[in-house]
Amino acid sequence: MKTLWNKVIIICSALTAFAMGCENDQSGSKSECSDNETRCSDDHLGVQVCKDGTWSEAEPCSADQTCDEQSHACREPAGSDCKEKETKCAENANGYLTCTNGRWSESAVACKFDETCSRGRCEHKGDSDCIQDEKKCSEDGHRVLICDATGQWKSQKTCDDKEICNADQKDCVSDEDSGQCSPEEKKCSDDKRQVMECSADGHWEIGIECKDDEICDPEQKECISSGDTDECTESDKKCADDGRNVMICNAEGHWDIETECNTDETCSSEQTECIKTTIETECTAGEKKCSQDNLKLLTCDAEGHWDGGIDCKTNEICDPEQKTCIPKVIPPECTSGQKKCSGDSGYLTCNAEGHWSSEVTSCKFQETCKDDGKCIKQKDKVDFGIWYSTWYAYTKETSTSNRENTWTAWDIPYRPKLSGGNFGMYDSKDAKETEYYISQISDAGIDFIILDQTNNIDVDGGYINERSLATAEVCKKYIDGHPDKRPVRYCSAIGGIQWSQDPATIEAEAKKLWERYDSGETYHYYLDGKPLLIVYIGNLTEDLWKNYQGDKTYASKYTIRFADNASRPGYYGWAYDKGTQLHSEVSVIMPGWDNRKGAPPVKRNAGDWYQAQLDVLRKAATLPKLIVINSFNEYAEGTAVWSANTDLPGNSDKWVDKSGQLNPDMYWNMTVDFIKEIRKK
Numbered sequence: 021m022k023t024l025w026n027k028v029i030i031i032c033s034a035l036t037a038f039a040m041g042c043e044n045d046q047s048g049s050k051s052e053c054s055d056n057e058t059r060c061s062d063d064h065l066g067v068q069v070c071k072d073g074t075w076s077e078a079e080p081c082s083a084d085q086t087c088d089e090q091s092h093a094c095r096e097p098a099g100s101d102c103k104e105k106e107t108k109c110a111e112n113a114n115g116y117l118t119c120t121n122g123r124w125s126e127s128a129v130a131c132k133f134d135e136t137c138s139r140g141r142c143e144h145k146g147d148s149d150c151i152q153d154e155k156k157c158s159e160d161g162h163r164v165l166i167c168d169a170t171g172q173w174k175s176q177k178t179c180d181d182k183e184i185c186n187a188d189q190k191d192c193v194s195d196e197d198s199g200q201c202s203p204e205e206k207k208c209s210d211d212k213r214q215v216m217e218c219s220a221d222g223h224w225e226i227g228i229e230c231k232d233d234e235i236c237d238p239e240q241k242e243c244i245s246s247g248d249t250d251e252c253t254e255s256d257k258k259c260a261d262d263g264r265n266v267m268i269c270n271a272e273g274h275w276d277i278e279t280e281c282n283t284d285e286t287c288s289s290e291q292t293e294c295i296k297t298t299i300e301t302e303c304t305a306g307e308k309k310c311s312q313d314n315l316k317l318l319t320c321d322a323e324g325h326w327d328g329g330i331d332c333k334t335n336e337i338c339d340p341e342q343k344t345c346i347p348k349v350i351p352p353e354c355t356s357g358q359k360k361c362s363g364d365s366g367y368l369t370c371n372a373e374g375h376w377s378s379e380v381t382s383c384k385f386q387e388t389c390k391d392d393g394k395c396i397k398q399k400d401k402v403d404f405g406i407w408y409s410t411w412y413a414y415t416k417e418t419s420t421s422n423r424e425n426t427w428t429a430w431d432i433p434y435r436p437k438l439s440g441g442n443f444g445m446y447d448s449k450d451a452k453e454t455e456y457y458i459s460q461i462s463d464a465g466i467d468f469i470i471l472d473q474t475n476n477i478d479v480d481g482g483y484i485n486e487r488s489l490a491t492a493e494v495c496k497k498y499i500d501g502h503p504d505k506r507p508v509r510y511c512s513a514i515g516g517i518q519w520s521q522d523p524a525t526i527e528a529e530a531k532k533l534w535e536r537y538d539s540g541e542t543y544h545y546y547l548d549g550k551p552l553l554i555v556y557i558g559n560l561t562e563d564l565w566k567n568y569q570g571d572k573t574y575a576s577k578y579t580i581r582f583a584d585n586a587s588r589p590g591y592y593g594w595a596y597d598k599g600t601q602l603h604s605e606v607s608v609i610m611p612g613w614d615n616r617k618g619a620p621p622v623k624r625n626a627g628d629w630y631q632a633q634l635d636v637l638r639k640a641a642t643l644p645k646l647i648v649i650n651s652f653n654e655y656a657e658g659t660a661v662w663s664a665n666t667d668l669p670g671n672s673d674k675w676v677d678k679s680g681q682l683n684p685d686m687y688w689n690m691t692v693d694f695i696k697e698i699r700k701k
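To convert a position in the sequence shown, counted from 1, into the working numbering, add 20.
Treat the hints as calculated values from the structure; they're not laboratory data. One should not assume that every hint holds.
Unchecked claim - In silico lysine-lysine, BS3-like type, Cα no more than 27 Å apart, as pairs: (1) 231 x 190; (2) 182 x 316; (3) 206 x 132; (4) 390 x 401; (5) 348 x 105; (6) 577 x 598.
Claimed, not checked - Computed spacing ranges between beta-carbons, pair by pair: (7) 347 x 291: 51 to 57 Å; (8) 194 x 290: 22 to 28 Å; (9) 397 x 334: 41 to 47 Å; (10) 365 x 689: 24 to 30 Å; (11) 365 x 205: 19 to 25 Å; (12) 536 x 643: 56 to 62 Å.
As the structure is a prediction and not an experimental result, all values here were calculated from the model. Each residue gets a CB set at the ideal place from its N, CA and C atoms; glycine is no exception.
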């Protein structure tokens, strides 16, 4: 307000993995398992099959799949795009994407220049081992390998138990027809004169020539003395061990091949000759069963063999007992109501069905989520407050009454920035404009506003108090409606005692505030456990109140602090014409001041005065608990920092920068930058 508009402030504050069921030796490839049994690899990126009591190397899942622990099959995650912290290679970049909250990240983590993405991770490229799409058999002869785009071999197909990879065909064929073997495998030649060894590419070749007095022992698969063997009598016949040849004993008493059986024949041990092989059936025509992974329903064809099967739907699985596809039962992930953090600023909640919610519940402002899913408050070291004027009436454009047009009545030569971006006059009761200012104060990092009611709460028919109540209501709605934003709390400054010089006035005004305003911690700014109340005492001293023995019922509900114009350390205002004073609890900063009633003005000097006051706190060894800014919008006495057009007739306080150019946003920008700097200390 004008001249002795002395300020008083009331500041009020305030996936669980499933066990396999048996203990396997994870340090090597040997484990106790049954043939054709399957399991997921440790990293759930592939499926392993048990062969001859040994787990095979995992056949990898595709980049967008993982191994399902229940069906032991590669599947896309149900109910979301992916599993938490899962990775996959990006399609259009050499890097990988990461799964967060069931969704793939929008940007890829790039691999280094000498790396390439493979199965969701960056791996060293090395030299290309092959040409893209080239095929070959694995060294153990049980898989078909294919060359990928990076020139590296990867598994394309795993052969069945009775198959082996044919190096010529580069495909799985019956091991009886392949003439192939597994590397390092051994056997005796048909005449038992050599020990045959399997080459690296899966073909038999002579490993050891037995001596004249030796023969290859089929069981030991090595040359032993012929005197230790059961040789034969000339012209005796028998079937070869593999049933593919008829053997005859020669004159030296050794077995030779007499007849090689055709592909559709086998040697009969009873008849010692090649006979047609009886075609065996696997099943009865029309019979049904589930595939090994329970993802398909198989049907027996007319020839007695199982067909390729029909895929169950995405949300179905084949029931081996019912021999049909049934809806899939997804096991629960969590206990209903349980919470867990999703990043640092939010959490997920377990629903009634035992699954995590897809929506993240955000923590409130200055809260961070801890391991148990609870949001924990983290407070700033310094709080910022700002004086806020609520006496601007603008109900009649042509009126000269301060209760209808304060701008004209008090001849205020400033036009503040409005919510639409233009500059003009506004009414402090306008909720739209007030919400815009509160949002700007919140974004700037300011914690509370001081509602200036220092010229008596009900002065001029109570029109200022009416607008202060409307401003407090906007603060409440902003706090409730924006839990993730910095809450802007409010308080009042009273000052009727400057006129009455009676300390009982403080109690009377405190009673009105307590009855009219919500004094709860949610909306008021609190200091020392109570709502903060600032009393402007003018030319008096605070001893007048401290020595007062009268009723203090309502005043005692507040933490009372004082303000005057003497630039006293520890006071909350008003005009600090002697500059910022350091104090452990509070320091005030002011950009300039001119009450236009004869007091020596504090010139802004193109921002030099304000910069000097900010520097006092920048250089302070210890910061105060509170920093109060005078003011956001007190244009009548020229202390405002909020953006305004100052290029009006009769205004001697034009906001210009060092170059002499008008800069409406200059003081607000200085304030915001200063708060950010202090917050980092």
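Okay, the hints, checked on the actual structure:
1. 231 x 190: 37 Å, violated
2. 182 x 316: 22 Å, holds
3. 206 x 132: It is violated: about 45 Å lies between the C-alpha atoms, which goes past 27 Å.
4. 390 x 401: 21 Å, holds
5. 348 x 105: Since the Cα atoms of residue 348 and residue 105 sit roughly 24 Å apart, the hinted pair holds (cutoff 27 Å).
6. 577 x 598: 33 Å, violated
7. 347 x 291: 51 to 57 Å: Holds, at about 56 Å.
8. 194 x 290: 22 to 28 Å: 25 Å, holds
9. 397 x 334: 41 to 47 Å: With a Cβ separation near 44 Å, residue 397 and residue 334 satisfy 41 to 47 Å, so the hint holds.
10. 365 x 689: 24 to 30 Å: Distance hint for residue 365, residue 689 holds at roughly 28 Å.
11. 365 x 205: 19 to 25 Å: Given range 19 to 25 Å: violated, Cβ gap about 60 Å.
12. 536 x 643: 56 to 62 Å: Given a distance of about 34 Å, which is not inside 56 to 62 Å, the answer is violated.
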